[in-house]
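Visitor: The chain contents come next:
Protein chains: 2
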Amino acid sequence: MTTAPVGSVLIVGAGLLGASIGLCLRNLGVETWLRDASPTAEAVGEDIGAGLSERAWVGQMPEPQLVVVATPPDVTVSLVVAALEEFPGAVVTDVASVKGAILRGLEATGADLTRYVGSHPMAGREKSGPVAARGELFTSMPWVLCSSEQTAPSARRLVKALAVELGATVTEMSADEHDTTVALISHLPQVMSSLLASRLQDTPLHHLALSGQGLRDTTRIAGSDPGLWVQILTANAASIVPALHGVQEDLQRLISTLEAPTAPGSRLDVAQLIAEGNAGQARIPGKHGGAPKAFAQLTVLVDDVPGTIAHLLTFIGEIGINLEDLRLDHSPGQPVGLAEVSVEPNRREELVEALTTNGWKVVQ
Amino acid sequence: MTTAPVGSVLIVGAGLLGASIGLCLRNLGVETWLRDASPTAEAVGEDIGAGLSERAWVGQMPEPQLVVVATPPDVTVSLVVAALEEFPGAVVTDVASVKGAILRGLEATGADLTRYVGSHPMAGREKSGPVAARGELFTSMPWVLCSSEQTAPSARRLVKALAVELGATVTEMSADEHDTTVALISHLPQVMSSLLASRLQDTPLHHLALSGQGLRDTTRIAGSDPGLWVQILTANAASIVPALHGVQEDLQRLISTLEAPTAPGSRLDVAQLIAEGNAGQARIPGKHGGAPKAFAQLTVLVDDVPGTIAHLLTFIGEIGINLEDLRLDHSPGQPVGLAEVSVEPNRREELVEALTTNGWKVVQ
Numbered sequence: 001m002t003t004a005p006v007g008s009v010l011i012v013g014a015g016l017l018g019a020s021i022g023l024c025l026r027n028l029g030v031e032t033w034l035r036d037a038s039p040t041a042e043a044v045g046e047d048i049g050a051g052l053s054e055r056a057w058v059g060q061m062p063e064p065q066l067v068v069v070a071t072p073p074d075v076t077v078s079l080v081v082a083a084l085e086e087f088p089g090a091v092v093t094d095v096a097s098v099k100g101a102i103l104r105g106l107e108a109t110g111a112d113l114t115r116y117v118g119s120h121p122m123a124g125r126e127k128s129g130p131v132a133a134r135g136e137l138f139t140s141m142p143w144v145l146c147s148s149e150q151t152a153p154s155a156r157r158l159v160k161a162l163a164v165e166l167g168a169t170v171t172e173m174s175a176d177e178h179d180t181t182v183a184l185i186s187h188l189p190q191v192m193s194s195l196l197a198s199r200l201q202d203t204p205l206h207h208l209a210l211s212g213q214g215l216r217d218t219t220r221i222a223g224s225d226p227g228l229w230v231q232i233l234t235a236n237a238a239s240i241v242p243a244l245h246g247v248q249e250d251l252q253r254l255i256s257t258l259e260a261p262t263a264p265g266s267r268l269d270v271a272q273l274i275a276e277g278n279a280g281q282a283r284i285p286g287k288h289g290g291a292p293k294a295f296a297q298l299t300v301l302v303d304d305v306p307g308t309i310a311h312l313l314t315f316i317g318e319i320g321i322n323l324e325d326l327r328l329d330h331s332p333g334q335p336v337g338l339a340e341v342s343v344e345p346n347r348r349e350e351l352v353e354a355l356t357t358n359g360w361k362v363v364q
Numbered sequence: 001m002t003t004a005p006v007g008s009v010l011i012v013g014a015g016l017l018g019a020s021i022g023l024c025l026r027n028l029g030v031e032t033w034l035r036d037a038s039p040t041a042e043a044v045g046e047d048i049g050a051g052l053s054e055r056a057w058v059g060q061m062p063e064p065q066l067v068v069v070a071t072p073p074d075v076t077v078s079l080v081v082a083a084l085e086e087f088p089g090a091v092v093t094d095v096a097s098v099k100g101a102i103l104r105g106l107e108a109t110g111a112d113l114t115r116y117v118g119s120h121p122m123a124g125r126e127k128s129g130p131v132a133a134r135g136e137l138f139t140s141m142p143w144v145l146c147s148s149e150q151t152a153p154s155a156r157r158l159v160k161a162l163a164v165e166l167g168a169t170v171t172e173m174s175a176d177e178h179d180t181t182v183a184l185i186s187h188l189p190q191v192m193s194s195l196l197a198s199r200l201q202d203t204p205l206h207h208l209a210l211s212g213q214g215l216r217d218t219t220r221i222a223g224s225d226p227g228l229w230v231q232i233l234t235a236n237a238a239s240i241v242p243a244l245h246g247v248q249e250d251l252q253r254l255i256s257t258l259e260a261p262t263a264p265g266s267r268l269d270v271a272q273l274i275a276e277g278n279a280g281q282a283r284i285p286g287k288h289g290g291a292p293k294a295f296a297q298l299t300v301l302v303d304d305v306p307g308t309i310a311h312l313l314t315f316i317g318e319i320g321i322n323l324e325d326l327r328l329d330h331s332p333g334q335p336v337g338l339a340e341v342s343v344e345p346n347r348r349e350e351l352v353e354a355l356t357t358n359g360w361k362v363v364q
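Residue numbers (UniProt numbering), protein chains in the order written: chain C, 1 to 364; chain X, 1 to 364.
If you are wondering where the hints come from, they were derived from the structure by calculation, not from laboratory data. Worth double-checking, as some hints may not be accurate.
Stated by the list, open to error - Label pairs and their calculated CB-CB ranges:
1) Gly110/X to Asn358/C: 51 to 61 angstroms
2) Glu63/C to Lys361/X: 29 to 39 angstroms
3) Leu205/X to Thr114/C: 47 to 57 angstroms
Said to hold, decoys possible - Sample of chain C residues facing chain X (criterion: CB under 8 angstroms; computed from the structure):
4) Ser140
5) Thr171
6) Ala175
7) Leu205
8) Ser211
9) Asp217
10) Thr219
11) Gly265
12) Arg267
13) Ala279
14) Gly307
15) Ala310
16) Gly317
17) Lys361
To be verified - Incomplete in silico selection of chain X near chain C, CB under 8 angstroms:
18) Val131
19) Arg134
20) Thr139
21) Pro142
22) Val164
23) Thr181
24) Leu188
25) Val191
26) Leu195
27) Ser198
28) Arg216
29) Trp229
30) Pro261
31) Ala271
32) Gly280
Every value quoted in this text rests on a predicted model; they were computed, and no experiment measured them. By construction, the Cβ of each residue, glycine as well, lies at the ideal position given by its N, Cα and C atoms.
Given these sequences and hints, build the entire structure.
Guide: Written out as structure tokens, the structure reads:
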């Protein structure tokens, strides 16, 4: 991997992403400056150590080598253009989670895009603002780099160096390929989860009390922020709509089938939908980006008191078996937990044997 | 709770659910017999200790007090009717996951339904057959009991006693109320997950490599068995179709909005969909069937080696903080894990402080 060292950086927008980038760069000893439309956010950013406030140190900021525009997407284009004009020697990147609309907006301005590279750091958290910033927000997370045909190789290398220094895993693709990808792997799951969860608005609570892990898993991301998702979904509408049409066709076919469930072929139609879901689900890569891989599960009954899960995992670790995943299942109405442990399939039998021999209750 | 003791039981169908019920009853000292259309399944059921094979002990089975029909739903009605006729003193229950169609099928036969009670034990696992049976399959899981207007109180009490002795948490409702409930909390999530995952069938693997926990969560149940779900979805079509129409209307509204994303009001429409999802998701009860409750999350960077998670949880337990949930996040391309720990909100700050002081890397 060829990367150039990152020199001085100006971060425009001291929110969660901007301040997190600043925190990390400061820890690495990079000269970092902050600019925000809100004087308060800019000052808080300096206070938490995310960079120097441009307002507080008037006239002292050198021309930056790199400008990171980390603002809401609806002002990204104008701020990227402004940065390219203000700092004729600087490379400029942005962190918006939709890239095609930004690139087309920039091209329409006639700006010099040899010094622009789009970024999408695929990291975040449920809170926003500089106070929520964390220097390790990007550690091990994907960072998509979208160069365009105009982008100079040196600009691409500099932004790639930024992502690498922040600890992210870099993937490069065009802006349109990026938008098609996130439409399917991120935006469509959000829409489906919201559509599902919105059906529960009038469901009696004693019915919802029977909910299992399936409902909890499929609706978890339905708790996301409407303000953020309005910007994402409208900005990437062109890539999302074809996927939604596909869902709509499958859904219409399923409804027609279930409205005449005893008609010839109806069982085959339903089985096909579920089988197609099997096929799609099986293609999602496993842990650490490896090939899709099925782990073996076993479920252990655990008391819901501090330390019980730790004892269980200590025991598993002592046998030398690596825990691939762990889920705590929720038991309606009982102070007892079910821990679903995932391990390499060829270690499952050994683990069940060892757990049972040592007094653990293996349920499944 | 008024329950009657369970005497001798005949289980018809030695699959996962039947054999699991048998294993548990035998552990409790209840006389249990097995009957299966497959001589092999019946014999395997006896071998694993789930009950005595009726074929192996010809003429020795006494008239059972309770018959549990644990077969695929498409033969449940005829086997319940046969059991009511063969054993005029016995109470009969079934375990099909859809109850209205079964009840209407039984009523159409004119059978004596004073001795019939429908059951839906909401437990299962990814494997099937008697070998997959576990005596503790029902521990702490919901068991819905569906009496009808014809059901005698003594029959209801006996089946309730069965569920209680198996360790399940009993909820009582009518067959139609049950079917409406599971349509929303179980069948609709399955359909939405399958519809979403089926969109991934042609997605390039290097795009899917960018998948995060959101996609993994929303598609996990899309891996379910088509054969089983054909029976469930077609049997409960009447309750599922109205929910699917609701999804279809919301989806159509979203598509129209996103096809003209700059039209007046479009941002409001999208925000409303996400907000409605927020509202529905917030109504799903939390752990142990309590009121919906938001836990505070923090994410800790952990090495992916045996014992690391155990050390982390031991440390948390030693501070006296109860672990409410734990998720291991998958880091594409790196042998490092992110453990998302959920705790009571008022303990989060203390825990972050303690972890950081002791050398753990708290990422978020």
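Visitor: Does each hint fit the structure? Answer for all of them.
Guide: Against the structure, the hints come out as follows:
Under the hint 51 to 61 angstroms, the C-beta atoms of Gly110/X and Asn358/C, about 55 angstroms apart, fit the expected range. Roughly 34 angstroms separates the CB atoms of Glu63/C and Lys361/X, a value that falls within the hinted 29 to 39 angstroms. Under the hint 47 to 57 angstroms, the C-beta atoms of Leu205/X and Thr114/C, about 32 angstroms apart, miss the expected range. Contact between Ser140/C and chain X, as hinted, is supported at the beta carbon level, the nearest pair being about 4 angstroms apart and thus within 8 angstroms.
For Thr171/C, the interface hint holds, since its Cβ comes within 8 angstroms of a Cβ in chain X; the closest pair sits about 6 angstroms apart. A least Cβ separation of about 14 angstroms between Ala175/C and chain X goes past the 8 angstroms threshold, and the interface hint is therefore violated. The criterion of a C-beta within 8 angstroms of any C-beta in chain X is met by Leu205/C, whose closest approach is roughly 7 angstroms, and the hint holds. Interface restraint check: Ser211/C against chain X, minimum CB-CB distance 5 angstroms, threshold 8 angstroms, status holds.
About 4 angstroms separates the beta-carbon of Asp217/C from the nearest beta-carbon of chain X, less than 8 angstroms, and the hint is met. Given hint, Thr219/C at the interface with chain X, holds; its Cβ is 5 angstroms from that chain's nearest Cβ, closer than 8 angstroms. The beta carbon of Gly265/C comes no nearer than 12 angstroms to any beta carbon in chain X, farther than 8 angstroms, and the hint placing it at the interface is violated. Satisfaction of the interface hint for Arg267/C is found here, the shortest Cβ-Cβ separation to chain X being roughly 5 angstroms, below the 8 angstroms cut-off.
For Ala279/C, the interface hint holds, the least distance from its beta-carbon to any beta-carbon of chain X being 5 angstroms, beneath 8 angstroms. With a cut of 8 angstroms, the hint placing Gly307/C at the interface with chain X holds, because the nearest CB-to-CB distance is about 3 angstroms. For Ala310/C, the interface hint holds, the least distance from its beta-carbon to any beta-carbon of chain X being 3 angstroms, beneath 8 angstroms. Because the beta carbon of Gly317/C sits about 3 angstroms from the nearest beta carbon in chain X, less than 8 angstroms, this interface hint is met.
With a least beta-carbon distance of about 6 angstroms to chain X, the hint placing Lys361/C at the interface is held under the 8 angstroms criterion. Here the hint on Val131/X is broken, as its CB sits about 13 angstroms from the closest CB of chain C, past 8 angstroms. Using the Cβ-Cβ criterion of 8 angstroms, the hint placing Arg134/X at the interface with chain C is satisfied: the shortest such distance is roughly 5 angstroms. A hinted interface residue such as Thr139/X counts as satisfied when its beta carbon comes closer than 8 angstroms to some beta carbon of chain C; here the least separation is about 6 angstroms, so the hint holds.
Proximity of Pro142/X to chain C holds as hinted, the smallest CB-CB distance being about 5 angstroms (cut-off 8 angstroms). For Val164/X, the suggested interface contact is broken, since its CB lies about 12 angstroms from the closest CB of chain C, more than 8 angstroms. Residue-level restraint check for Thr181/X holds (minimum Cβ-Cβ distance to chain C is 4 angstroms; threshold 8 angstroms). The beta carbon of Leu188/X comes within 6 angstroms of a beta carbon in chain C, closer than 8 angstroms, and the hint placing it at the interface holds.
The restraint placing Val191/X at the interface with chain C holds, with a minimum CB-CB distance near 7 angstroms, inside the 8 angstroms limit. Against a cut-off of 8 angstroms between C-beta atoms, the interface hint on Leu195/X holds, since the closest Cβ of chain C lies about 5 angstroms away. Because the smallest distance between the Cβ of Ser198/X and any Cβ of chain C comes to about 4 angstroms, under 8 angstroms, the interface hint for this residue holds. Taking 8 angstroms as the C-beta contact cut-off toward chain C, the hint placing Arg216/X at the interface holds, the least distance being around 6 angstroms.
Interface restraint check: Trp229/X against chain C, minimum CB-CB distance 5 angstroms, threshold 8 angstroms, status holds. A hinted interface residue such as Pro261/X counts as satisfied when its beta carbon comes closer than 8 angstroms to some beta carbon of chain C; here the least separation is about 4 angstroms, so the hint holds. With its C-beta approaching chain C no nearer than about 4 angstroms, Ala271/X sits inside the 8 angstroms limit, and its interface hint holds. With a cut of 8 angstroms, the hint placing Gly280/X at the interface with chain C holds, because the nearest CB-to-CB distance is about 4 angstroms.
This entry does not satisfy hints 3, 6, 11, 18, 22, going by the numbered hints stated previously.
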